[in-house]
Amino acid sequence: MKLRKLVTTFAAIALMLGTASAQAADLRVGVEGAYPPFSWKEADGTLKGFDIEIAEAVCAELKRKCVLVEQDWDGMIPALLARKFDTIIASMSITEERKKRVDFSDKYYNTPAKFVAKKGAGLQISKSGLKGKRIGLQRGTTHQCFMEKMYPEAELVLYGTQEEVFQDLAIGRIDAQFSDSIAADDGFLKTDAGKDFEFTGGDQHDEACHGPGAGMAVRKSDTELRDDLNRAIKALRANGTYQKINAKYFEYDIFGG
Amino acid sequence: MNLIIEYQAQLLAGTWVTIQLALISLVIAVMFGLIGAWAKLSKNFIAQKTAAGYTTIVRGVPDLVLILLVFYGGQQMINSFGAVTGLWDYVEVSQFAAGAGTIGIVFGGYMTETFRGAILSIPRGQIEAGIACGMDRITIFRRIIWPQMVRYALPGFSNNWLVQIKSTALVSVIGLQDVVYNGFVAGRSTRQLFTFMFAVLMIYLVLTAISDVALRWLDRRYSRGIVRTDHG
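Order-wise, the sequence lines are chains C and X.
Residue numbers 1 to 257, in the numbering used here, belong to the letters of the first sequence in order.
Residue numbers 1 to 232, in the numbering used here, belong to the letters of the second sequence in order.
Bound conformation, chain C alone (with noise of 0.2 Å):
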């Protein structure tokens, strides 16, 4: 394992300079601060969130310190297999096309997608109903997936990052989004800008393209890792730590059926 050579090298080194550090242990997690509620940025630079506590809570769980590192979602996953980070805990669904680059962890919350347009707009979700619509999407998601595979009739207008989605929406330049129902409610709906939206169509989901739920990535070598995480995530569970979390952002339990 490279990952257990560099912990040696590391300790000898501490041990050399007479330190017992920790630093050996340390667990850099990838994350995105630019996705509330799931994770974001405060003006004295902290950040914050309910992916962030989890990693925090994970890292605590396996008794080795956090190093957060902020990555851009575009640059995630080629950052990870660089060893910029050991994981990613930024809201990464576990997708079948992912797992050809990364490992997963089990998920850690699964919420179900949803359609958001202006109240009273009438629109019907179904083939029909989306033909030559214009739906906003964060490129890249498993959203994209979802929408090419069952409504590929509706026009798929593409964004970098979901804020640039509901910008778009508000102004009109689109007809509809679709995306994770909690990003929409938070990020959205419960602002001032989405007050004359709504969800329309109930919970979107397919197997292949949604998968699980969101989970942690790891390098494909890592497999002691990854199960480190899983243990993380169960313990995390069992012991109450992510009801708490969970209570502090949601109301109702995300880690879903």
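Keep in mind that the hints were calculated from the coordinates and are not lab data.
Virtual Cβ for every residue (Gly too), placed ideally from N, Cα, C.
The hints are all genuine.
If you want the ones that stay clear, here's a sample from chain C, every Cβ over 10 Å from chain X, calculated: (1) Ala60; (2) Lys65; (3) Gly122; (4) Tyr151; (5) Glu155; (6) Glu207.
Listed below are several chain X residues computed to face chain C (Cβ distance under 10 Å; list not exhaustive): (7) Glu6; (8) Gln75; (9) Gln76; (10) Asn79; (11) Gly175; (12) Gln177; (13) Asn182; (14) Phe184; (15) Gly187; (16) Arg188; (17) Thr190; (18) Arg191; (19) Phe194.
Once you've looked at the hints, dock chain X against the given chain C.
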């Protein structure tokens, strides 16, 4: 507005990163530009072809592609090389070094052409006169080529520099926390993307306006003794 004041530390820290990045990549670009121009004008076949290859590649490939290649690809390459040879286990390519280096090398390609054109604009007879006076090559460069090259190169240089300042925005993709990255993260965190995009825009305008003043001062300084006429 209140939000911008609240997040001003973030924006200022980002602006500082942008300024450092722009200045350091400028130094690299000027160095590559001077070496490139010298190589292109030299009689050495290898130097000529190397410089031609360099400007063709860096001016022909999108900056963003190069940055991603250097940052992610470069690190993977270095690490797999280390793994194969057993020389090292993990080397971190710093975001700043990858960003400043790539932008500097890319704009060095543009600077090469700007400097080459400027040197060619200097009447050949002046250099011959220098040789006739018994000046060595360094003196000729210092007294004849450099002062006039700067004057001829300034308009093109100014263009390159303004584009280069804005190109630093590309590094936000590799997670370097420049003014664009910090502005967008703040915008998304507060859900006021427009407010912060506008702030970032104003910061760039201020930076380019300051450069404009500096460049005009340089232009005046290197145009001393030359009368401008309407026909240029």
